[in-house]
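For reference, the chains in residue letters:
4 protein chains.
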Amino acid sequence: MLITPQAYKERLSKLRPKVYIGGQKVQDILDHPVTKTLVEANAKVYELALDPQYEEIMTTTSPLIGEKINRSLNLCQNNHDLEMRAAMAVLTSQKLGTCNYRCPGCDVLNGLASTTWEIDKERRTEYHRRLKEFVSYLQKNDLAVSGGVTDAKGDRSKRPLDQDPDMYVHVVERRSDGIVVRGAKQHQSGAYVSDWTVVMPTMAYHKGEEDYAVAFAVPNGAEGISYICQYNAYSAERMQAQDIHELGNPVYGQRETSLIILDNVFIPWERVFMCGEVDFTQRAVARFAKMHRMNCGGACKVGFADLIIGATRLMAEYLGVERAAHVVDKLTEMVRISETSHACAIAAALKGREEPEGSGIYLPDDIYSNVAKLNTCYGFWDIMALAGDIAGGFVVTMPSERDLKNPEIKDYLEKYVKGKAPAEKRMRIARFLQNWVAGLHGVATWQGAGSAQAQKLTLYRLFDFEGRKNLAQELAGLEVNDGGKVNQS
Amino acid sequence: MLITPQAYKERLSKLRPKVYIGGQKVQDILDHPVTKTLVEANAKVYELALDPQYEEIMTTTSPLIGEKINRSLNLCQNNHDLEMRAAMAVLTSQKLGTCNYRCPGCDVLNGLASTTWEIDKERRTEYHRRLKEFVSYLQKNDLAVSGGVTDAKGDRSKRPLDQDPDMYVHVVERRSDGIVVRGAKQHQSGAYVSDWTVVMPTMAYHKGEEDYAVAFAVPNGAEGISYICQYNAYSAERMQAQDIHELGNPVYGQRETSLIILDNVFIPWERVFMCGEVDFTQRAVARFAKMHRMNCGGACKVGFADLIIGATRLMAEYLGVERAAHVVDKLTEMVRISETSHACAIAAALKGREEPEGSGIYLPDDIYSNVAKLNTCYGFWDIMALAGDIAGGFVVTMPSERDLKNPEIKDYLEKYVKGKAPAEKRMRIARFLQNWVAGLHGVATWQGAGSAQAQKLTLYRLFDFEGRKNLAQELAGLEVNDGGKVNQS
Amino acid sequence: MLITPQAYKERLSKLRPKVYIGGQKVQDILDHPVTKTLVEANAKVYELALDPQYEEIMTTTSPLIGEKINRSLNLCQNNHDLEMRAAMAVLTSQKLGTCNYRCPGCDVLNGLASTTWEIDKERRTEYHRRLKEFVSYLQKNDLAVSGGVTDAKGDRSKRPLDQDPDMYVHVVERRSDGIVVRGAKQHQSGAYVSDWTVVMPTMAYHKGEEDYAVAFAVPNGAEGISYICQYNAYSAERMQAQDIHELGNPVYGQRETSLIILDNVFIPWERVFMCGEVDFTQRAVARFAKMHRMNCGGACKVGFADLIIGATRLMAEYLGVERAAHVVDKLTEMVRISETSHACAIAAALKGREEPEGSGIYLPDDIYSNVAKLNTCYGFWDIMALAGDIAGGFVVTMPSERDLKNPEIKDYLEKYVKGKAPAEKRMRIARFLQNWVAGLHGVATWQGAGSAQAQKLTLYRLFDFEGRKNLAQELAGLEVNDGGKVNQS
Amino acid sequence: MLITPQAYKERLSKLRPKVYIGGQKVQDILDHPVTKTLVEANAKVYELALDPQYEEIMTTTSPLIGEKINRSLNLCQNNHDLEMRAAMAVLTSQKLGTCNYRCPGCDVLNGLASTTWEIDKERRTEYHRRLKEFVSYLQKNDLAVSGGVTDAKGDRSKRPLDQDPDMYVHVVERRSDGIVVRGAKQHQSGAYVSDWTVVMPTMAYHKGEEDYAVAFAVPNGAEGISYICQYNAYSAERMQAQDIHELGNPVYGQRETSLIILDNVFIPWERVFMCGEVDFTQRAVARFAKMHRMNCGGACKVGFADLIIGATRLMAEYLGVERAAHVVDKLTEMVRISETSHACAIAAALKGREEPEGSGIYLPDDIYSNVAKLNTCYGFWDIMALAGDIAGGFVVTMPSERDLKNPEIKDYLEKYVKGKAPAEKRMRIARFLQNWVAGLHGVATWQGAGSAQAQKLTLYRLFDFEGRKNLAQELAGLEVNDGGKVNQS
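Listed in order, the protein sequences are those of chains B, H, C and G. Heads up, the first sequence is in the working numbering, so the first residue is 1 and it goes up one at a time. Heads up, the second sequence is in the working numbering, so the first residue is 490 and it goes up one at a time. Heads up, the third sequence is in the working numbering, so the first residue is 979 and it goes up one at a time. Heads up, the fourth sequence is in the working numbering, so the first residue is 1468 and it goes up one at a time.
For reference, chain B alone in the conformation it holds in the complex (with noise of 0.2 Å):
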């Protein structure tokens, strides 16, 4: 099933979650100035799926149900699968300049159902059987989907037990019916646009940690939900725009987040795919963030560099010196950032592999999907500086498009803002880079998916140094495999 975007607005304004920005309740989210941006930006989405030239990107045929479906609900069955979930992630952004707001909740889907499958035939479970349930509905309706992974953790160097314990979702009742949830998820992009949110845990757990160890949807306006926006500059500045146009992003803005409070939230057994399993944690992130890391870490911030890129090409055209040796060797370098990212999304992708072997269910690569992520952590702050470069100094200091209908200095700006272009399309092109490079994107690409350190983490654990070893062994004349027992001579 694919819905209209003009069917997803309607469905979503029956809802009435309970949204919070700068210190006032939201009355209607498809109407207040900056989370309306979620709207467009889903709205766009399902666009793109009814559109014949991204139908191989945008779409698929669902085993599940047997009809053509939104990508974002796809539980990935191969390599090709794995490929067109990262090609949406780069198309979305293209046509977005911000996120695609069903992104986490389908490599979400992805990775529970990977572990709820290995958790049903360990543990004679039925969280696998729900899973593909709740998504066949998703898919019968063309739900909007989102992820809820990091806590809000308070004091870092603690575990969940050792402080307030609501610093991670956990159970805090279990009834016949279903469980109650408490705690927050932050960082949660998209989630109150949504119909859907799964929560997952954002850690491994471990032994006397059960009720952390927990795994649900929840349906958006829920009773206890409450959403509480992020707020800055960008917010501040749209809510007093007269014109949408004077903004970077016009219609889609930037990445809007919310903290959700779970308040002793109600969950139907039902709904719930993990509870208590805590040997399954570790798992079940590892395999959400190598998707996430492959999409939202790579292939998604590809899209974000053709923008930037354009953009700056543009600039430089538009200032005369697209030619100058130094813009090419910098646009050039911007180029190389971003393909290698895309090529590392890409093996990750035609690298996947069924996991677990029997399960149905394809994983990215977990080398290449990490390197994707970490790739993008650091080369995208150097697009900002190269974008920074090339644009100039008039992307930070450049006045408004109002100033352009004030008669007493219109002219000036006009006359003196001008390039070879025409001062109004400077400005447009300055401001739309402003937004990419003096805005959240640098920390918000960083954090995305997982800081660098958890990339890191995870690639030593998982390169084969030994394997290393003894290539280096052979080679160098020594016994090989002894790598691990030296002796003291």
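It is possible that part of the hints are untrue.
Taking CB as the label site, the calculated pair distances span [to be verified]:
#1 B/479 / G/1706: 28 to 36 Å
#2 H/713 / B/14: 38 to 46 Å
#3 C/1135 / G/1534: 52 to 60 Å
#4 B/242 / H/734: 24 to 32 Å
#5 B/9 / C/1457: 26 to 34 Å
#6 C/1100 / G/1889: 41 to 49 Å
#7 G/1545 / H/545: 19 to 27 Å
#8 B/18 / H/734: 24 to 32 Å
#9 G/1500 / C/1389: 23 to 31 Å
#10 C/1135 / G/1706: 53 to 61 Å
No wet-lab data here; the hints were simulated from the structure. Using N, Cα and C, we set each Cβ at its ideal position, and we do this for glycine too.
Got chain B; can you put chains H, C and G on it based on the hints?
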């Protein structure tokens, strides 16, 4: 003469500059939420000069008037002057978290002092005498002076006379009592809260472009001058703030610039310091540049880095991660970057020379002032990235402090935002860091005092490659000094 | 056909190429301590192809002759062929610690196969037919083929005809039975231990330079050919070694190249694959280049990195520092660098395409093969630096293993060189690493398959900036596709 | 006293140190091709001190003996001394292309001078008196002094007493007339061509490890001392050279080190400068380290970089590419890197302080000397990479100059190796660069004066984070100085 902050504000309140921001004319620059931050920053610089603990750094005795003056008005007479000039840049950055708006004016005056001495000597002009009298007047009244350098430029692939001639400030009329100038200067930090602006050429001019080889001083509010301010998300955030403590740099704000329009402005001869001497323009620009690259490019950003490092360390403590090996490593790297720029600025000051000999004016070493700025260009983005890594995604997804005042969600926030420190503290420091890592500073730091490319060209031009070729030839057993005489065999 | 290492050596022993090293003519290339390392390396490649565990990587079935062949002689017919071609590069590097000397020949043959097909189609020539027959002959006899690309070049600021015309290989005579060529090819890895060398142009030629647009095959030892070998410290070390185990890569040595002189060499028409078609030279070079940048530039260096990483980890264990946080961090960074190149090579292979359509020849994706090489350029020096950091100064200050045999100092060495492992082991691995971090590899890795600048130019030329400009315009609210039509207002 | 190079050689010829290289005992260190390079390098340092044009840099007047001395024997008394000490390091590197072998000795003497003054003051010992008398003796005779710091270390995860106790140099017997010491010092540059070696601890020792807290001077050739030299490819190349002009640094060679074995060596009390004062070891090490990081870590490598930059520029001219934009950019980057280290060394010298107050000994600033070295660590590899990029693959694939003497191939080489310059010149400079970019320098530069990790730990320990936290708190509107008192809310 040293006046009080209050006296500065009173004097300023008597001026009526035409200032526009976000499409509106500013009625009172002491009162508008944005323009007021510049007033407060300047007032703080007056205050620091009166503070005994900063006396050596912030003040000196002028040989021109024999009185104690604010160092921002000093013409450097020796290496200690240069060293203290750079130290002032570090200190004001640490105390303001934004520009000392008297900084570019100081560096323009020094660059011109050196050059006018030389022009007078070679051409028997009166520029240096005029400049000294003007500086004496400034010192006697402790006036705030801004510097205007960067022109509008238009099509960067064309010289001034091959396009709209107003793209560079130039003389449009020479009269018996003075000159009339037209054009605009971009990126003017703090011009409209200064008493005077000193304007100089932005680049080397050639024969035939004499009208562009012009330097002069003009009072704030002079007939024909308009200031069109930058306007961006951070402007909007401040204009919409209910309490300045919601903001990242509550009192002093971000670095605020404007585009100064000079629409047929009359300058009496006594305030003209260069007029037509194209063959001195390259020197004038290079001398200003090395002062400004040492101070604004190098030292100033050390003060900013100190603030980021301090805040990042605080945040690490709030989160309980300050002893993690990777956090220690990243903080150390931030220190390395910052102290490298610091060392370069100090070497530039202490290896500076009287230039030209006999002028009595000391300017920084060329090589070290340029590497100071270049290292800052490359390093500041890295400092931002590292701060964002340690401080976490919260820095860009945080809600507003206003939410802490909304009783419906106050408790949620206090509970879920706390680390080892309470929510409010964490939010304050996160907002403070947001201002640094998700705002204007990356591009501003790169472009301020000239983009990286400008420093590279200067370094390449200045470095004695011939001398190094000789050293290599000597050791390699080749005839020394024949590098230039390579023969076709 | 797959022959044995022994058969290869026997065949080689019948050739009598003129090879010079260190001022002397080499009497027997199978016996000279330096040239012998190339023979052993090639022999190992023959051996690997016969090893069942490497069958999929090292061999394939040729559609030309319908037999199993060494993959070094395969013309790639699909993406799997490309993937396995890259996998072979990783494997042979891991096993040899130096070149698979059949690698450039393989990539030249593939680049020419694609181009000759196109020339034949457009010009009704016979190049492709000849090439296929030549390749069939190679496959049927499992011959070792080298590739010759880089010319002497002379004054790089001049075209071939504006200087000594022999600076680029060219046709000096066209006869009824063939052509006579003159010139030299630099950096020839393994040419004198191969059966044939295939020569192609090093750059794009223009109208008027038809004599330079020449590709052909020439047997080792042909009349008019001389090989002048590289000679450096590592050559001397090997020539002076009492036992090859004193050396860093005892059996296979360092990558050994020679300058091939072609002094009026006759080539029969049947071995000429291009002669005068200047308008195809750019394509031929680009196609060879992307094969070689995927394989030699990307994949091969992954195998080298594996050896360095393995040895570095071993050394860390020998010293007892393998758990230090900074050691873990550095090893992880080495992995990130290496696996990034790996991912790029894999993406290049799996996103490769038939080129030209209908030719049946598959070539790697342009963008990913070029970023594979560029990342290797930048990353390999970093891997060297990190290995040197962990392994310690001993890697460059170590004594010789011979000292272990001198009874006067043997005990001292065993006592003072030991770590957790005995002195001999530590010395072996230190010498092994010395070969990597204090030898030819930094420059070789940067320059092999073309210097970084070559990849940058290719990337800039290939990247679709127009498409990205459109994306930016669409989001910024500008008319799409007017980027090129900027108007002067 | 300043002696002549000839006098130095004559004095040296009377010593008979036990020196081993490549498994053989060296019969005459003035004659062996490898050990002779050290003699020549030291002789050159004697020569430079007599050259009037280098008088200010190479000499000073000693307050101890009231005579002109070689600066290598000076105890720094003020900032000018420190600045000239660093300048000497630049100069000798430029002139030698290898170590001034008197450099570590100089820095050890200064570190000990500061520390012995303090021990004497606190413990009423006689170390400082002895040291001053020893230095006076050295100055009066213009003796060459080496410094021994780095111990064998064995298992780095264990303290000295938890493993073979000889892994660190220590006192094995205390007698009425002196002490007996045992152990070994690694990486000793030039020790066997010096008159004396001054040994000091390599790290901070704890209570219980008093035997290891030992510093002393020992004459070259003393009973019980053996020197086991490094041996590597470059050693072999030199030993096999027919003419030193075949070599990259013909006269002075590469930096040659040895492992000094101290096998129960007797030291009379008058030459003991620390014995048991474990609580002063950290200080002694840190003080030596900052001298050495300024000089060897920072300044010395500036001289090396000058040689590389000069040679690279020459090669670019030989090839005709010196005006290519990317070549200019890369040369500029090499200059930036080198001059950054230079600036750091200068700032370290000029901001140095008397330490401890009253001692009369000036030591460099801690922060700047450590960043000098760290920047060199990171930058030197980059300089190597850039030189290799510009100079081309020929740097690592070049034949020998001997081939130019072989009539069979001489003409070929002259023809095909020439650029704009003749083959011989190009080969000389290529060989010169090979020595820099394909040899020991990458690791040596990183590890010399302590590995990067050592500087990082020092920087982290020294930097005033508390002060920076206060600055951030003040601006962010938080109570100042409560950073350490974070409360759990």
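Against the structure, the hints come out as follows:
{"no.": "1", "hint": "B/479 / G/1706: 28 to 36 Å", "in the structure": "holds (31 Å)"}
{"no.": "2", "hint": "H/713 / B/14: 38 to 46 Å", "in the structure": "violated (60 Å)"}
{"no.": "3", "hint": "C/1135 / G/1534: 52 to 60 Å", "in the structure": "holds (56 Å)"}
{"no.": "4", "hint": "B/242 / H/734: 24 to 32 Å", "in the structure": "holds (27 Å)"}
{"no.": "5", "hint": "B/9 / C/1457: 26 to 34 Å", "in the structure": "holds (27 Å)"}
{"no.": "6", "hint": "C/1100 / G/1889: 41 to 49 Å", "in the structure": "holds (43 Å)"}
{"no.": "7", "hint": "G/1545 / H/545: 19 to 27 Å", "in the structure": "holds (21 Å)"}
{"no.": "8", "hint": "B/18 / H/734: 24 to 32 Å", "in the structure": "holds (26 Å)"}
{"no.": "9", "hint": "G/1500 / C/1389: 23 to 31 Å", "in the structure": "holds (28 Å)"}
{"no.": "10", "hint": "C/1135 / G/1706: 53 to 61 Å", "in the structure": "violated (40 Å)"}
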